Amino acid sequence: MTPDELNEIAETEREAQKRFKHRVNVCVAAGCVSCQSQSVKDALDKDIARRGWGDHCQAKGVGCMGLCSEGPLVSTGPASTGHAQMYKGVAAADAAEILDSLEGPPVSRLDCPTDIPFFQRQKKIVLENCGVIDPERMEDYIAADGYQALIRALTEMSPREVIDEVMKSGLRGRGGAGYPTGLKWSTVSKSFGVQKFVICNADEGDPGAFMDRSVLESDPHRVLEGMLIAAYAVGSSDGYIYVRAEYPLAIKRLRIAIRQAERAGLLGADICGTRFSFKIDVRLGAGAFVCGEETALIASVEGKRGTPKARPPYPAMHGLQGQPTLINNVETFANIAPILRKGGEWYAQIGTEKSKGTKVFALAGRVQNTGLVEVPMGITLREMVFEIGGGIPDGGKFKAVQTGGPSGGCLPTETLDQPVDYESLARLGSIMGSGGMIVIDESSCMVDVAKYFMDFCMSESCGKCTPCRVGTYQMHRILTSITNMTATPQDLAMLEQFCDLLKHTSLCGLGQSAPNPVVSTLKSFAAEYKAHIENHTCPAGVCGKPADSSDAGART
Amino acid sequence: MSPSAAVKTPTSTVKTLKIDGRDFSAGPGETILDVARENKIFIPRMCELDGLSTIGACRLCLVEVKGSNKLLPSCVTNVEEGMEVTTNSERLIGYRKMIVELLFSERNHVCSVCVSNGHCELQNMAQKLGITHVRFPYRYPKVEVDASHDRFVIDHNRCILCTRCVRVCDEIEGAHTWDLMGRGVDAKVITDLNQPWGSSGTCTGCGKCVHVCPTGALFEKGRSVAEMEKRRSFLPYLTLMREEHE
Numbered sequence: 002m003t004p005d006e007l008n009e010i011a012e013t014e015r016e017a018q019k020r021f022k023h024r025v026n027v028c029v030a031a032g033c034v035s036c037q038s039q040s041v042k043d044a045l046d047k048d049i050a051r052r053g054w055g056d057h058c059q060a061k062g063v064g065c066m067g068l069c070s071e072g073p074l075v076s077t078g079p080a081s082t083g084h085a086q087m088y089k090g091v092a093a094a095d096a097a098e099i100l101d102s103l104e105g106p107p108v109s110r111l112d113c114p115t116d117i118p119f120f121q122r123q124k125k126i127v128l129e130n131c132g133v134i135d136p137e138r139m140e141d142y143i144a145a146d147g148y149q150a151l152i153r154a155l156t157e158m159s160p161r162e163v164i165d166e167v168m169k170s171g172l173r174g175r176g177g178a179g180y181p182t183g184l185k186w187s188t189v190s191k192s193f194g195v196q197k198f199v200i201c202n203a204d205e206g207d208p209g210a211f212m213d214r215s216v217l218e219s220d221p222h223r224v225l226e227g228m229l230i231a232a233y234a235v236g237s238s239d240g241y242i243y244v245r246a247e248y249p250l251a252i253k254r255l256r257i258a259i260r261q262a263e264r265a266g267l268l269g270a271d272i273c274g275t276r277f278s279f280k281i282d283v284r285l286g287a288g289a290f291v292c293g294e295e296t297a298l299i300a301s302v303e304g305k306r307g308t309p310k311a312r313p314p315y316p317a318m319h320g321l322q323g324q325p326t327l328i329n330n331v332e333t334f335a336n337i338a339p340i341l342r343k344g345g346e347w348y349a350q351i352g353t354e355k356s357k358g359t360k361v362f363a364l365a366g367r368v369q370n371t372g373l374v375e376v377p378m379g380i381t382l383r384e385m386v387f388e389i390g391g392g393i394p395d396g397g398k399f400k401a402v403q404t405g406g407p408s409g410g411c412l413p414t415e416t417l418d419q420p421v422d423y424e425s426l427a428r429l430g431s432i433m434g435s436g437g438m439i440v441i442d443e444s445s446c447m448v449d450v451a452k453y454f455m456d457f458c459m460s461e462s463c464g465k466c467t468p469c470r471v472g473t474y475q476m477h478r479i480l481t482s483i484t485n486m487t488a489t490p491q492d493l494a495m496l497e498q499f500c501d502l503l504k505h506t507s508l509c510g511l512g513q514s515a516p517n518p519v520v521s522t523l524k525s526f527a528a529e530y531k532a533h534i535e536n537h538t539c540p541a542g543v544c545g546k547p548a549d550s551s552d553a554g555a556r557t
Numbered sequence: 695m696s697p698s699a700a701v702k703t704p705t706s707t708v709k710t711l712k713i714d715g716r717d718f719s720a721g722p723g724e725t726i727l728d729v730a731r732e733n734k735i736f737i738p739r740m741c742e743l744d745g746l747s748t749i750g751a752c753r754l755c756l757v758e759v760k761g762s763n764k765l766l767p768s769c770v771t772n773v774e775e776g777m778e779v780t781t782n783s784e785r786l787i788g789y790r791k792m793i794v795e796l797l798f799s800e801r802n803h804v805c806s807v808c809v810s811n812g813h814c815e816l817q818n819m820a821q822k823l824g825i826t827h828v829r830f831p832y833r834y835p836k837v838e839v840d841a842s843h844d845r846f847v848i849d850h851n852r853c854i855l856c857t858r859c860v861r862v863c864d865e866i867e868g869a870h871t872w873d874l875m876g877r878g879v880d881a882k883v884i885t886d887l888n889q890p891w892g893s894s895g896t897c898t899g900c901g902k903c904v905h906v907c908p909t910g911a912l913f914e915k916g917r918s919v920a921e922m923e924k925r926r927s928f929l930p931y932l933t934l935m936r937e938e939h940e
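Residue numbers (the numbering used here), protein chains in the order written: chain H, 2 to 557; chain C, 695 to 940.
Check before you lean on any hint, since a few could be wrong.
Derived SDA-like pairs (lysine to any residue); straight-line CA-CA distance at most 25 Å [what the hints assert, rightly or not]:
{"hint": "1", "chain 1": "C", "residue 1": "Lys764", "chain 2": "H", "residue 2": "Lys169"}
{"hint": "2", "chain 1": "C", "residue 1": "Lys791", "chain 2": "H", "residue 2": "Lys305"}
{"hint": "3", "chain 1": "H", "residue 1": "Lys305", "chain 2": "C", "residue 2": "Asn888"}
{"hint": "4", "chain 1": "C", "residue 1": "Lys764", "chain 2": "H", "residue 2": "Thr156"}
{"hint": "5", "chain 1": "C", "residue 1": "Lys882", "chain 2": "H", "residue 2": "Ala289"}
{"hint": "6", "chain 1": "H", "residue 1": "Lys169", "chain 2": "H", "residue 2": "Thr156"}
{"hint": "7", "chain 1": "H", "residue 1": "Lys504", "chain 2": "C", "residue 2": "Glu758"}
{"hint": "8", "chain 1": "C", "residue 1": "Lys764", "chain 2": "H", "residue 2": "Ala300"}
{"hint": "9", "chain 1": "C", "residue 1": "Lys791", "chain 2": "H", "residue 2": "Gln491"}
{"hint": "10", "chain 1": "C", "residue 1": "Lys882", "chain 2": "H", "residue 2": "Lys169"}
{"hint": "11", "chain 1": "C", "residue 1": "Lys822", "chain 2": "C", "residue 2": "Asn888"}
Some chain H residues close to chain C (C-beta under 8 Å, calculated; not the full set) [said to hold, decoys possible]:
{"hint": "12", "residue": "Ala311"}
{"hint": "13", "residue": "Ala349"}
{"hint": "14", "residue": "Ile351"}
{"hint": "15", "residue": "Ser462"}
{"hint": "16", "residue": "Gly464"}
{"hint": "17", "residue": "Lys465"}
{"hint": "18", "residue": "Pro468"}
{"hint": "19", "residue": "Tyr474"}
{"hint": "20", "residue": "Lys504"}
{"hint": "21", "residue": "His505"}
{"hint": "22", "residue": "Leu508"}
The hints are simulated quantities; they were obtained by calculation from the structure and are not laboratory data.
Nothing here was measured: the structure is a model prediction, and the numbers come from that model.
All C-beta atoms, glycine included, are put in the ideal place defined by N, C-alpha and C.
All chains should be built: construct the whole structure from the sequences, respecting the hints.
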């Protein structure tokens, strides 16, 4: 495909879209599909056909609109202005009413106000097309300036210039560790190997996190474009997307997108008439959390048992098949096209001094508005929870916010005015992580929360290194005895020793960070641990009486 | 990317380092453990065995390196010029004790009835580190014994998942009969696709796995308590032969 051909597709698509006076967008990402949004779309299609409105009204399946707790979500309005009106909790039976209202006042019964902070406080870069374009049509992505950045990179920029642009943007890895993306690209580009690989890590496994899934389901071409640009920058011709098999819809849409891009000549040999060739294969994860760790992921792609290896050597020098390998997360790749389109300097203006740009969060737990949000770095936790999240439902009282999944920590009320960025969260004893954010209110017991995450780490430990394999088991045993009110002060001291052991002796990030939920709750909620051990009471009323002691600590 | 035309001047590949305050030199590609072993400095380890590939899994060989805030596994960390290594600090000893205790607590290690009593690397390690008891409860899992092989037995109760058997079978014998299944504390070594060892179509019956096993998990039939001594003399010889062949 040449730049002219691309522009032609974009023009044709825009013309075609102008034809429609009215558009009804229905969310067909996993959140809404799970509450029957497909039947809403089918009902709309049928009704439009019955009314003979096919020439000026279109029902379109689009990606995630963000407010997942209120699904199925539908937005309507003149095609040119995007959403003017949003509806929540729509059922198939509401189709006719929504179509009737297109020319008149909106259906107030289903109204979902969009002037609330949840929508207003967001800044969408990664999610700019989510809820707007049809994820299964490449033309729609191209009409929204898709693949422009790739063509520009291939025809006007040298690989070095691409890397410089990414460096300038200050983008850091969105998978959790926050390693500077430009630096990683430059390392891989300078590494020597007969072949180089680009891998997209879509093995999102933190409990309560669904950022990558939503991006893949709502805008898969954006990830492909990011990978293509990365491949050009580092000199790779082979790419893999490692997606967990638990995401069937994301996998389906990725495969459709790859096929479309191949047909259009945007993937394959001699892309856009240049000498650059790149192909992408999808690899499915078989349900192991540890495969999100890059060395374990590489082993899994190679068809081996997914266990991590000691680093160095780092994958940037010695990765897949022993060759230099670039591994970035879905969200990192999704940021690349806008950075090249609008420039690294534009991106660097957003966010804080050391954490540039925006971050997508999956807001979940005891909060009014749960769903997917994208906010500039540096926003405070208070704004996240009380403005965007809308506060705690049912008059509950805020207790903590958990970030970073099983590797992260629980941040108490005192930290609410701290900014959300890599350094601040690390300073507070948590991590940015991939973007899961779980709000906890007074009805939860923090020991129980710590036990939940330890249970997760214990069952996800690969079993290669001793501290993680047996240490997580022993920590879980102690936490269980605390919640059973059978623990002694000595147990607590031992728990602290285990925290230290795992952090400093485990082989990979899973074991090293497994104590984090315990460490952070011990720091901020020591009184709760004390109440369980000394007074045999659970302040939140969650933990029960001593259960059958014979199975205390038994693996469930 | 055209390779640079400049001819690289050969630089010295021999490096010098300090281990516990003493000066040593290391050849190209040598790890901290290689140098320590050469110079009779003891670094505890369980998964590592000279002649097999290194995996850095047991975490007993962690050492402190000046300037690094992380503990590094000496079996897989290459020597770098000027490294200052500490192998025996209070902190390291504390961690090592705890790791060995974890290994004891994981399965059912009862020395007094074990075929390897008195010849067991785990037992020796505990004694060397001054472990008198295990500070946390045993797990006591229910695991099986496979005695289906004509000459050998695997008793999973005594396995510490060092995977030496897996590596020796794959790397030295070339049969790859052994592998791992399951994860976390449920991981276990298996023969073929978790079939009885006796029915394995790939096992050559060479017995290398038995002799590299650090505990009494793998033993020869007919051995009673404390009678199973492991013979490892074949390993350096075979490794050398292989290196010369390559």
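How the hints compare with the structure:
{"no.": "1", "hint": "C:Lys764 - H:Lys169", "result": "violated, 30 Å"}
{"no.": "2", "hint": "C:Lys791 - H:Lys305", "result": "violated, 32 Å"}
{"no.": "3", "hint": "H:Lys305 - C:Asn888", "result": "holds, 17 Å"}
{"no.": "4", "hint": "C:Lys764 - H:Thr156", "result": "violated, 44 Å"}
{"no.": "5", "hint": "C:Lys882 - H:Ala289", "result": "holds, 17 Å"}
{"no.": "6", "hint": "H:Lys169 - H:Thr156", "result": "holds, 20 Å"}
{"no.": "7", "hint": "H:Lys504 - C:Glu758", "result": "holds, 15 Å"}
{"no.": "8", "hint": "C:Lys764 - H:Ala300", "result": "holds, 24 Å"}
{"no.": "9", "hint": "C:Lys791 - H:Gln491", "result": "holds, 18 Å"}
{"no.": "10", "hint": "C:Lys882 - H:Lys169", "result": "violated, 48 Å"}
{"no.": "11", "hint": "C:Lys822 - C:Asn888", "result": "violated, 35 Å"}
{"no.": "12", "hint": "Ala311", "result": "holds, 4 Å"}
{"no.": "13", "hint": "Ala349", "result": "violated, 28 Å"}
{"no.": "14", "hint": "Ile351", "result": "violated, 32 Å"}
{"no.": "15", "hint": "Ser462", "result": "holds, 4 Å"}
{"no.": "16", "hint": "Gly464", "result": "holds, 3 Å"}
{"no.": "17", "hint": "Lys465", "result": "holds, 5 Å"}
{"no.": "18", "hint": "Pro468", "result": "holds, 6 Å"}
{"no.": "19", "hint": "Tyr474", "result": "holds, 5 Å"}
{"no.": "20", "hint": "Lys504", "result": "violated, 10 Å"}
{"no.": "21", "hint": "His505", "result": "holds, 6 Å"}
{"no.": "22", "hint": "Leu508", "result": "holds, 6 Å"}
Comparing the model with each numbered hint stated earlier shows that hints 1, 2, 4, 10, 11, 13, 14 and 20 do not hold.
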